[in-house]
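Student: Protein sequences, first through last, are from chains A and B. Take 1 as the starting number for the first sequence in the numbering used here and just add one per residue. Take 1 as the starting number for the second sequence in the numbering used here and just add one per residue.
Source of the hints: derived by calculation from the structure; they are not laboratory data. Each hint should be verified, as a subset may be incorrect.
Derived lysine to aspartate or glutamate pairs resembling DMTMM-like cross-links, with alpha carbons at most 20 angstroms apart [what the hints assert, rightly or not]:
#1 A/LYS27 to B/GLU23
#2 A/LYS27 to A/ASP13
#3 A/LYS59 to A/ASP69
#4 B/LYS4 to B/GLU27
#5 A/LYS27 to B/ASP44
#6 A/LYS59 to B/ASP44
#7 A/LYS27 to A/GLU75
#8 A/LYS39 to A/GLU75
#9 A/LYS39 to A/GLU24
#10 A/LYS39 to B/GLU27
#11 A/LYS27 to B/GLU19
#12 A/LYS39 to B/GLU18
A few chain A residues facing chain B, derived, Cβ under 7 angstroms [to be verified]:
#13 GLY25
#14 PRO26
#15 PRO46
#16 THR48
#17 GLY51
#18 PRO73
#19 THR77
#20 CYS88
#21 PHE94
Here a beta-carbon is modelled for each residue, glycine too, at the ideal position from N, C-alpha and C.
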Amino acid sequence: MPPNLSGLGRFADSALLVLASLAEGPKHGYAVMRDVQIKANVRMGPGTLYGALARLERKGWIRPLPARDRRHPYEITASGRRVLREECTQLHDFAAAVLASRSSR
Amino acid sequence: MNRKWARLYPSAWRARYEEEMAEVLAEVPWRPRPAFDLIRSAADAWLNPPERDQPSSGAPWLASWATAAGLASLAFALFRTVAIPTLVPAGVFSWWWPPIVAKSLIGALGLLSGVWLAWHERWRAAAAALSLGTVVSSLALNWTIGPGTPSSSTQMVDLTTQPYPAWAWPAFDWPIQFLFSCLAVGTCLTAVVRASRRTRRSPAAAAAQR
């Protein structure tokens with residue numbers, strides 16, 4: 001079974017958003033919060049953000065980069081990209097199935 | 001938001017993330033929602049630290065529930081002691097009230113120490129502290145409201161002879177103590193099982209898992 005976000009408990013959704021944000025390039029914590037708010041319209045609290053970051057780092061799906069101007073950026077790893085692709089594929093398949101069932105009525 | 005919010009988190013967590021989280025907090029205006037988010041996430045960091053080996057044993061949860069149940073039972077006993085003082089003669093009440101408070105505090109201290117030790121994975125000491133807390137807390141409860149109050153030797157009042165409200169005795173006392181004791185025992189057993197598993201696990205496997 002490929003690795004997925006389900007083991008992250010209540011941080012799974014937030015972790016997916018963080019991975020998606022970091023897939024575009026390294027970002028520090030506040031930049032991830034802003035990016036998620038703009039693109040997904042989700043207001044992620046600082047506690048949830050760092051809960052997700054800590055778990056993603058623990059899983060090896062993101063890694064910290066050297067601090068710049070007292071900011072601590074993170075970047076997604078290759079295994080993190082695989083997890084993100086897997087999760088997005090599942091979401092896509094689910095959405096496609098729902099839309100197909102609705103259009104067939 | 002003030003960086004002092006980060007102090008809600010465990011020390012190990014703060015050592016890794018406090019500095020960068022403070023940078024984020026400085027950008028976030030104070031609102032009830034992010035404050036609640038921080039409190040909730042800090043509680044989660046205490047109970048499910050990401051730096052722990054996965055899957056979690058659940059021992060911290062059990063220890064927390066044991067503590068909550070123990071403190072609730074103590075609070076209940078003290079509530080009854082304070083809330084119905086009219087059932088007890090004033091002079092006697094003031095005589096036996098301090099020892100009960102002292103025992104309750106010792107019991108609570110034992111329970112909290114057990115949780116703290118369990119958090120730091122010192123399982124044997126945690127099991128001992130939780131057992132001590134359980135015993136002392138139960139003693140405090142029994143001497144406060146139990147049927148075996150030694151009224152003759154210590155001149156304490158046997159409250160079971162007092163006109164208790166019908167709802168108060170014994171419907172609440174023993175289920176609470178039973179639940180509390182079960183949780184404490186469960187915590188200790190879980191701690192022991194976890195400790196034995198950790199002992200059996202080889203250093204190479206542990207390193208690979210990390």
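Student: Each hint: holds or not?
Tutor: Checked hints:
Our distance criterion of 20 angstroms between C-alpha atoms is met by A/LYS27 and B/GLU23, whose separation comes to about 13 angstroms. A C-alpha spacing of about 18 angstroms is found between A/LYS27 and A/ASP13, which places the hinted pair at or below 20 angstroms, so the restraint holds. Taking the CA atoms of A/LYS59 and A/ASP69, the gap is near 27 angstroms; set against the 20 angstroms cutoff, the hint is violated. Of the supplied pair hints, the one linking B/LYS4 and B/GLU27 holds, its CA atoms being roughly 14 angstroms apart against a limit of 20 angstroms.
For the hint pairing A/LYS27 with B/ASP44, the CA-to-CA distance comes to about 24 angstroms; that exceeds 20 angstroms, so the pair is violated. Between the alpha carbons of A/LYS59 and B/ASP44 the distance comes to roughly 17 angstroms, so the proposed pair stays at or under 20 angstroms and holds. A hinted pair counts as satisfied when its Cα atoms are at most 20 angstroms apart, and A/LYS27 with A/GLU75 qualifies at roughly 7 angstroms. This hinted pair checks out: A/LYS39 and A/GLU75 have alpha carbons roughly 18 angstroms apart, not beyond 20 angstroms.
This hinted pair checks out: A/LYS39 and A/GLU24 have alpha carbons roughly 12 angstroms apart, not beyond 20 angstroms. Pair hint A/LYS39 plus B/GLU27 holds up; C-alpha atoms about 19 angstroms apart against a cutoff of 20 angstroms. Taking the CA atoms of A/LYS27 and B/GLU19, the gap is about 16 angstroms. The hint holds against a cut of 20 angstroms. Among the hinted pairs, A/LYS39 with B/GLU18 is inconsistent with the structure: their alpha-carbon atoms are about 27 angstroms apart, more than 20 angstroms.
A least Cβ separation of about 18 angstroms between A/GLY25 and chain B goes past the 7 angstroms threshold, and the interface hint is therefore violated. Contact between A/PRO26 and chain B, as hinted, is not supported at the beta carbon level, the nearest pair being about 13 angstroms apart and thus beyond 7 angstroms. Below 7 angstroms, beta-carbon pairs count as interface contacts, and A/PRO46 has one with chain B at about 5 angstroms; its hint therefore holds. Interface hint status for A/THR48: upheld, as the beta-carbon distance to the closest one in chain B is roughly 6 angstroms, under 7 angstroms.
A hinted interface residue such as A/GLY51 counts as satisfied when its beta carbon comes closer than 7 angstroms to some beta carbon of chain B; here the least separation is about 5 angstroms, so the hint holds. The closest approach between the C-beta of A/PRO73 and any C-beta of chain B is roughly 9 angstroms, which is over the 7 angstroms cut-off, so the hint fails. The restraint placing A/THR77 at the interface with chain B is violated, with a minimum CB-CB distance near 16 angstroms, outside the 7 angstroms limit. For the restraint placing A/CYS88 at the interface with chain B, the shortest Cβ-Cβ distance is roughly 23 angstroms, beyond the 7 angstroms limit, so the hint is violated.
Below 7 angstroms, beta-carbon pairs count as interface contacts, and A/PHE94 has none with chain B, the closest being about 26 angstroms; its hint is therefore violated.
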